[in-house]
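Protein chains in written order, with the working numbering: chain A, 3 to 399; chain B, 469 to 755.
Derived from the structure by calculation, the hints contain no laboratory data. Positions of the beta carbon are idealized from the N, C-alpha and C atoms, including for glycine. Treat each hint with caution, since some may be false.
If the Cβ cut is set under 8 Å, some of the chain A residues that face chain B in the computed set are [stated by the list, open to error]:
#, residue
1, Pro101
2, Leu134
3, Leu139
4, Glu164
5, Ser172
6, Val176
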Amino acid sequence: MSDVVIKIENLSKKYRLGVISRQMLVDQIESWVARKLKRPDPHASVFDHQTDRMPTPYDFWALQDINLEIKKGDVVGIMGRNGSGKSTLLKLLSRITAPTEGRISIRGRIASLLEVGTGFNYELTGKENVYLNGSILGLKQKEIDDRYSRIVEFAEIADFMETPVKRYSSGMRVRLAFAVAAHLEPEILILDEVLAVGDAKFQEKCLNRISEIRDSGTTVLFVSHSAQSVLDLCTHGVLLQEGRLVAHGTAREVTEKYLESLHLSHAEDALSGAVESHVGLQAGKIAQLLAQQLPDGHLVFNAAIETPDGIRTIDVGWISNSRMKTMRTEPTWSAAPDISVAIVSRKRPVQEAEIDNHFLLKSGAREAWIVMPDGTLDRRTQSGGPRMQLAIGEKIS
Amino acid sequence: MNLDQTEKNTWTTVIEPRVSLFHVPWKEIWEYRELIMRMVHRDYVSRYKQTFFGSLWYLLQPLFTSLMFTLVFSNIAKISTGGIPPMLFFMAGTVCWGYFSACVTGTATTFISNSSLFDKVYFPRLVVPISQLIVNLVGFVMQMALFLGFYVWYAWHGAPISMGWRIIVLPVLLIQMGALGLGVGCFVSAITTRFRDLQILLTFFIQLWMYGSCVVYPLSLVPPGPIHTLYLLNPMVSVIEAFRYAFMGQGTVTLFEVSISFVVSIITIFVGVLLFNKTERHCVDIL
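Work the whole structure out from these sequences, hints included.
Listed below in structure tokens is the structure:
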């Protein structure tokens with residue numbers, strides 16, 4: 003109990019939808035009058051949350067009854083689809099907006115990075131902006147003095163610190179902003195994954211720094227859309243769905259649940275009769291099976307893309323721990339997983355998948371599968387390599 | 469129950485739905501004093517950056533305004549300034565009014581111009597208006613130097629003006645002007661987050677208010693009666709008259725006026741801060 007650093011009790015947040023207008027006021031008055039006269043309320047919504055308060059169709063509950071405890075040192079991945087309430091939870095934790103109900107108790111200094119470069123003033127020099135930005139994020143003068151040289155070194159723009167920021171390139175600005183953010187050293191850090199920006203080299207630097215922060219014992223709340231990042235960085239996970247807390251446990255448990263929720267929605271809102279929905283289901287099942295059957299490894303999802311016509315192209319792969327270690331020294335996209343599953347769809351024809359697999363097998367994959375549009379699996383192995391024994395047949399139905 | 473209480477005491481921050489509207493987080497604001505100073509620095513530096521005259525604008529503005537007023541109101545319209553040299557008279561009023569109006573406009577745009585900042589980071593929102601008050605104070609000090617420069621010149625040339633221990637009230641006047649500026653600014657800021665067109669009304673309204681605040685004529689010119697009473701309700705009248713009285717020995721200052729002015733100022737800042745707190749909580753959701 004004593005090492006709980008964040009305690010969230012019955013947290014709820016309600017927003018008012020629609021434009022604030024006179025019509026809203028009129029509707030509310032009409033509702034009030036109807037209730038007073040014991041007549042049926044003309045504007046009552048069917049989805050009443052509170053019966054004692056006047057219901058309005060303008061209310062939207064972004065978060066409902068969240069109960070959560072986070073212990074010191076936990077690295078928690080917060081996942082959920084867009085609109086599930088992740089940003090609202092972050093805003094509440096950062097004290098940017100106030101809860102409608104419930105309570106959040108925090109022990110320790112909390113720094114929240116929802117955006118990099120908050121409060122940057124372009125007329126001031128780089129050095130002045132470091133101090134301004136640091137101050138806005140909660141650092142004291144002395145702390146910034148101590149860390150100044152490290153910040154400049156991280157940003158790699160030592161020669162430009164006395165120039166006004168408006169003359170910087172966008173990459174320089176972003177590097178400076180992240181450099182300040184990376185040296186906050188709070189006890190609790192809230193981080194959005196999209197903060198790792200810039201070119202590939204700097205992105206890697208950012209992610210490394212995030213790992214360092216995590217390893218130093220800081221409690222981190224990491225918001226991400228990518229199950230892979232959560233598995234890489236986090237110890238625990240939290241899954242939000244439509245404003246409710248659906249799962250809270252180890253990173254692996256929660257990412258699995260998250261992936262489940264993703265592929266279910268494939269089946270729901272894919273075009274009827276389309277091959278892709280069937281394929282989506284397969285991908286989910288394969289992912290589950292791989293995760294269950296193969297110990298000591300990580301599940302890798304390469305891309306989940308939502309295109310205007312509703313087709314999702316996902317690749318699944320499993321990487322063993324030993325290979326994971328060697329992969330760290332190279333950019334992730336050039337190293338092969340142990341098992342790669344390529345899904346053929348309208349966006350990726352069979353020929354392309356076969357070429358990819360050929361290449362992957364050459365780069366060290368043990369097995370490369372292709373899921374055909376009708377659900378069959380085509381399995382290729384590295385010649386001479388050991389064949390994985392799995393319970394998946396050649397055709398999944 | 470005891471354990472629960474001690475546990476509660478160990479939390480650094482507790483975030484709850486209902487915080488009293490009257491709550492001013494003094495301690496927190498003090499903790500953020502460095503941020504206030506940084507914002508002051510930022511506002512000062514960026515205001516006249518890359519301009520030809522730079523910080524000189526702080527002086528040029530009251531100078532030109534006073535010259536214009538002298539020409540129009542004293543030389544052409546021949547409005548009496550009660551024996552005080554016209555330039556000094558108008559400069560006194562302009563400098564004071566300048567501080568007040570800068571505070572109002574600075575505070576009034578708090579939520580709208582900082583909406584992106586407020587959306588991303590937490591700090592007690594009152595930090596922004598407070599930093600505005602301080603930045604404007606810097607400008608005021610510079611303008612006072614100009615005023616005193618003219619003062620010395622006129623006094624040396626034998627104008628009927630006298631300074632004495634009375635100038636000790638200057639800090640009080642400054643606080644009052646600041647409080648009024650903050651209060652009115654908060655009030656406007658709170659409303660403009662809901663209805664943006666009021667911002668345009670503000671500049672217009674401030675200008676009109678200036679003409680009703682004895683900046684370009686002394687209160688003694690106002691005939692007694694209902695209009696005079698109306699003037700007393702304007703808190704800035706007492707402040708400006710007191711300023712002129714303190715520095716130059718001529719001005720209508722009565723206990724009655726001063727007390728009304730104080731009361732109105734206190735009410736204004738009270739209501740202003742209340743509205744500010746209410747808006748602060750909801751601005752992120754509305755803007």
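Status of the hints after comparison with the structure:
no. : hint   : verdict
1   : Pro101 : holds (5 Å)
2   : Leu134 : holds (5 Å)
3   : Leu139 : holds (7 Å)
4   : Glu164 : violated (14 Å)
5   : Ser172 : violated (17 Å)
6   : Val176 : violated (15 Å)
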